[in-house]
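Put chain U on the given structure of chain X with help from the hints.
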Amino acid sequence: MVGGQPRDRTADHRPVAVAPGARWRDPAGRRRFDAAGALAIDAARIDAIYQRPFSGHYYIVIAGAQRQQSRSLWDGDLAIEPLPPGQWREIRASGPQRQPLLLRVAGYSRQQHDLTIAVAEDLSALEAGLRRFQLIYGAVSAAVLAALLLVQRLIVGRGLAPIDAVRENLARLERGEASCIDAAAPAEIEPMIVELNRLLGTLDKRSRRSREALGNLAHALKTRLAILTQSSEAPALAAHPALRAAIGESTEAMRRIVERELKRARLAGSAMPGQRVDLEGEIDVLVRTLGQLYAGKAPRITSAIAPGATFAGDREDLLELLGNLLDNACKWCTARVSLTVSHADCLAFTVEDDGPGCATDAIEELTARGYRADESKPGSGLGLAIVRDIVDSYDGSLQFSRSAALGGLRVDVRLPTSQRANPPLG
Amino acid sequence: MRLLLVEDDARLGPQLRAALQSAGYAVDLSTDGIDAEALGDIEPYDLVVLDLGLPGRSGLEVLANWRQRGNRIPVVVLTARGSWQEKVEGFKAGADDYVGKPFQFEELLARIDAVAKRGQGAAAGPLCVAGVTLDEQNQSLMLADGSRSQLTGIEYRLLRYFMLNPGRVLSKSRLTEHVYEYDADRDSNVIEVYINRLRQKLGPDIIRTLRGQGYMFGERP
Numbered sequence: 001m002v003g004g005q006p007r008d009r010t011a012d013h014r015p016v017a018v019a020p021g022a023r024w025r026d027p028a029g030r031r032r033f034d035a036a037g038a039l040a041i042d043a044a045r046i047d048a049i050y051q052r053p054f055s056g057h058y059y060i061v062i063a064g065a066q067r068q069q070s071r072s073l074w075d076g077d078l079a080i081e082p083l084p085p086g087q088w089r090e091i092r093a094s095g096p097q098r099q100p101l102l103l104r105v106a107g108y109s110r111q112q113h114d115l116t117i118a119v120a121e122d123l124s125a126l127e128a129g130l131r132r133f134q135l136i137y138g139a140v141s142a143a144v145l146a147a148l149l150l151v152q153r154l155i156v157g158r159g160l161a162p163i164d165a166v167r168e169n170l171a172r173l174e175r176g177e178a179s180c181i182d183a184a185a186p187a188e189i190e191p192m193i194v195e196l197n198r199l200l201g202t203l204d205k206r207s208r209r210s211r212e213a214l215g216n217l218a219h220a221l222k223t224r225l226a227i228l229t230q231s232s233e234a235p236a237l238a239a240h241p242a243l244r245a246a247i248g249e250s251t252e253a254m255r256r257i258v259e260r261e262l263k264r265a266r267l268a269g270s271a272m273p274g275q276r277v278d279l280e281g282e283i284d285v286l287v288r289t290l291g292q293l294y295a296g297k298a299p300r301i302t303s304a305i306a307p308g309a310t311f312a313g314d315r316e317d318l319l320e321l322l323g324n325l326l327d328n329a330c331k332w333c334t335a336r337v338s339l340t341v342s343h344a345d346c347l348a349f350t351v352e353d354d355g356p357g358c359a360t361d362a363i364e365e366l367t368a369r370g371y372r373a374d375e376s377k378p379g380s381g382l383g384l385a386i387v388r389d390i391v392d393s394y395d396g397s398l399q400f401s402r403s404a405a406l407g408g409l410r411v412d413v414r415l416p417t418s419q420r421a422n423p424p425l426g
Numbered sequence: 427m428r429l430l431l432v433e434d435d436a437r438l439g440p441q442l443r444a445a446l447q448s449a450g451y452a453v454d455l456s457t458d459g460i461d462a463e464a465l466g467d468i469e470p471y472d473l474v475v476l477d478l479g480l481p482g483r484s485g486l487e488v489l490a491n492w493r494q495r496g497n498r499i500p501v502v503v504l505t506a507r508g509s510w511q512e513k514v515e516g517f518k519a520g521a522d523d524y525v526g527k528p529f530q531f532e533e534l535l536a537r538i539d540a541v542a543k544r545g546q547g548a549a550a551g552p553l554c555v556a557g558v559t560l561d562e563q564n565q566s567l568m569l570a571d572g573s574r575s576q577l578t579g580i581e582y583r584l585l586r587y588f589m590l591n592p593g594r595v596l597s598k599s600r601l602t603e604h605v606y607e608y609d610a611d612r613d614s615n616v617i618e619v620y621i622n623r624l625r626q627k628l629g630p631d632i633i634r635t636l637r638g639q640g641y642m643f644g645e646r647p
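Here the protein sequences come in this chain order: X and U.
The numbering used here puts the first sequence at residues 1 to 426.
The numbering used here puts the second sequence at residues 427 to 647.
These are computed hints drawn from the structure, not numbers from a lab.
Being a predicted model, the structure only gives us computed values, none of them experimental.
Ideal Cβ positions, reconstructed from N, Cα and C, are used throughout, including at glycine.
One or more of the hints may lead you astray.
Straight-line C-alpha distance at most 27 Å; calculated DSS-like pairs for lysine-lysine [said to hold, decoys possible]: (1) U/518 x X/297; (2) U/627 x X/205; (3) X/331 x U/543; (4) U/598 x U/627; (5) X/297 x U/543; (6) U/543 x U/518; (7) X/331 x X/297; (8) U/598 x U/543; (9) U/543 x U/627; (10) X/331 x U/518.
To spell it out: a stretch of chain X is covered by chain U in this simulated footprint if at least three of its residues, at any positions, have a beta carbon under 8 Å from a beta carbon of chain U; those stretches are [to be verified]: (11) 67-75; (12) 226-232; (13) 256-267.
Now the in silico label distances, taken between C-beta atoms and shown as ranges [to be verified]: (14) X/397 x U/470: 49 to 57 Å; (15) U/569 x X/278: 31 to 39 Å; (16) X/404 x U/629: 54 to 62 Å; (17) U/494 x X/208: 22 to 30 Å; (18) U/557 x X/278: 34 to 42 Å; (19) X/340 x U/639: 51 to 59 Å; (20) X/220 x U/483: 52 to 60 Å; (21) X/278 x U/575: 53 to 61 Å; (22) U/569 x X/220: 47 to 55 Å; (23) U/610 x X/231: 24 to 32 Å.
Chain X on its own, in the form it takes in the complex:
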């Protein structure tokens, strides 16, 4: 295809007499040496293309000292070295008007004269065609490459779509919106998901069973303790106050152990995934419960919950945490208790009351095991210790200070929200 082009073009200029394909030989074949040995070229038989200046077709004939060149070369020249007969060479050179030329130089021997004939043809048309071809070829290649990349991306995307669904499911599991992975997965990872679901189920079942067992144990122990307490209050023991006190002390100590240790063992902590708590609903119910527990005192309990705040953890743990905090506040308040829930980088609960507060040096001891900052009010002193256990099991922080708004004790609980971010796929 490429080679055909120049040939077609020359057909325009070629006189009818000249046979096709003979163009290279034209100048050489129509050459005669006259009697004086001077080189003569039959102008009539020379192609017209060699007559037009800078036509792009040139020749130079060198015979000894004689040198003849085509009219088309005009006043330009081509640097040609004579060649011995039988040798030839093809060179690329720059012609008149800086045309890129393909130069064929060949040595001949005719009528006992050594001849060197150089024929040149302008390659710019050919090169332009070549360039155009390269351009088109490049563009087509780029388009095909882009299409291939697109197809590849689609294939990869389609191939990974089920995994993406699984990943999304895992994220929902962690946020507590789902309790198992229900996305369909490719056969390669299906067994892994089945196993994961089985583990989740087992974990859930086991934690529920252990909670139940602990609950039953606590129930049984506490009922026996109640009997013991009741027995120690029997009138028959009135004459032995020391005995009564000893029994009372022991049962109280046992009660504390049962309460604290079994409650701690029941904590689910943040390890259990797939849980989510309706904060607003639970707090509402809890506030009503406290209202009834403290019906005689009737404290005004206000709660403010930042919209969108969620607790990804165990419901029972949350109730235990807030129940103990609010219970403590209600116990000590004069008339008002406030609960604020906010969430920024972590979930924060703030409980304040308008009670007497707590001396600074006693604040740190508040959560010590069964410590009671003031023995004047009934209570086990366990509530805040249990709060400490819950906060620790969620890797949170617990802080006591004086409430600026209400004047009493202020308790700040900060629980980290899930830190495990989900990096986007691919």
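Positioned in the frame of chain X, the structure of chain U alone reads:
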């Protein structure tokens, strides 16, 4: 005042009943959920002390069933299930108060007293009606002139019931129901004897007899 105590523990139940009786309550003991539910519907109790872990039917279920049928009887839940979740569920089912085991008897008594008074619409604290003050700790009464007299068990129950329902006509049978236990030998004529004894301690005019209807403590409100 008459109480229904629902407690399945064979030791704690009778112990608690004895303690409550000596605190001046007529107490019926039930050890099973189904029985307790029926008793609570049939008998005119003033208050129920309810355990949650019961054979037959759980305490929460019993309580929810009562509330569903519109039985508003005051209920103090007494249970070893002390988690906040269980407390929340107890109140959701319709409990009026919640006491965890083990408990100090004084605390239980104070809670029962507060709930009973709330149920009767009386103010918390010592009962004081028509110049008569009832000392619930010592089961004695004090008159406006400062004179005190001791009360026997039935006298105390009767006077407290009167004082929780001042200005209301109370029939003899109603008084019997609220002063005696279920299995007691209820002779309503004995009530007359006790009322006469109360009149000797209170003065003749505070408890009036309304012929054919019953008795009334204090003035009509």
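Hint by hint, here is what the structure shows:
For the hint pairing residue 518 of chain U with residue 297 of chain X, the CA-to-CA distance comes to about 20 Å; that is within 27 Å, so the pair holds. A hinted pair counts as satisfied when its Cα atoms are at most 27 Å apart, and residue 627 of chain U with residue 205 of chain X does not qualify at roughly 65 Å. About 21 Å separates the Cα atoms of residue 331 of chain X and residue 543 of chain U, which keeps this hinted pair within 27 Å; it holds. Between residue 598 of chain U and residue 627 of chain U, the direct Cα distance comes to roughly 20 Å. Compliance with the 27 Å bound is thereby established for this hinted pair.
Of the supplied pair hints, the one linking residue 297 of chain X and residue 543 of chain U holds, its CA atoms being roughly 14 Å apart against a limit of 27 Å. At most 27 Å may separate the alpha-carbon atoms for a hinted pair to count; residue 543 of chain U and residue 518 of chain U meet this at roughly 21 Å. Taken as a hint, the residue 331 of chain X and residue 297 of chain X pair is honoured in the structure, with Cα atoms around 9 Å apart against an allowance of 27 Å. At roughly 22 Å between alpha-carbon atoms, residue 598 of chain U and residue 543 of chain U fall within 27 Å of each other, so this suggested pair holds.
Between the alpha carbons of residue 543 of chain U and residue 627 of chain U the distance comes to roughly 24 Å, so the proposed pair stays at or under 27 Å and holds. About 22 Å separates the Cα atoms of residue 331 of chain X and residue 518 of chain U, which keeps this hinted pair within 27 Å; it holds. Taking a C-beta to C-beta cut-off of 8 Å, the stretch 67-75 of chain X contributes 0 residues in contact with chain U, too few for the three needed, and the coverage statement is violated. Coverage of the stretch 226-232 of chain X by chain U holds [criterion: at least 3 residues with CB-CB distance below 8 Å; count 6].
Residues of the stretch 256-267 of chain X lying with their CB closer than 8 Å to a CB of chain U number 3, which satisfies the three-residue condition for coverage. Between residue 397 of chain X and residue 470 of chain U the CB atoms are about 54 Å apart, so this pair conforms to the stated range of 49 to 57 Å. For residue 569 of chain U and residue 278 of chain X, the hinted distance range of 31 to 39 Å is not satisfied, since their beta carbons lie about 56 Å from each other. Between residue 404 of chain X and residue 629 of chain U, the C-beta spacing of about 58 Å keeps the proposed range 54 to 62 Å intact.
Evaluation of the 22 to 30 Å hint for residue 494 of chain U and residue 208 of chain X yields a pass: the beta carbon distance comes to about 28 Å. For residue 557 of chain U and residue 278 of chain X, the Cβ-Cβ distance of about 53 Å falls outside the hinted range of 34 to 42 Å, so the restraint is violated. Roughly 57 Å separates the CB atoms of residue 340 of chain X and residue 639 of chain U, a value that falls within the hinted 51 to 59 Å. Against the hinted window of 52 to 60 Å, the Cβ-Cβ separation of residue 220 of chain X and residue 483 of chain U comes to about 20 Å, which falls outside the hint.
Taken as a hint, the range 53 to 61 Å holds for the pair residue 278 of chain X and residue 575 of chain U, whose Cβ atoms sit roughly 57 Å apart. The hinted range of 47 to 55 Å is satisfied by residue 569 of chain U and residue 220 of chain X, whose Cβ atoms lie roughly 49 Å apart. Checked against the given bound of 24 to 32 Å, the beta carbons of residue 610 of chain U and residue 231 of chain X, roughly 26 Å apart, stay inside it.
Of the hints listed earlier, those the structure fails to meet are numbers 2, 11, 15, 18, 20, in rising order.
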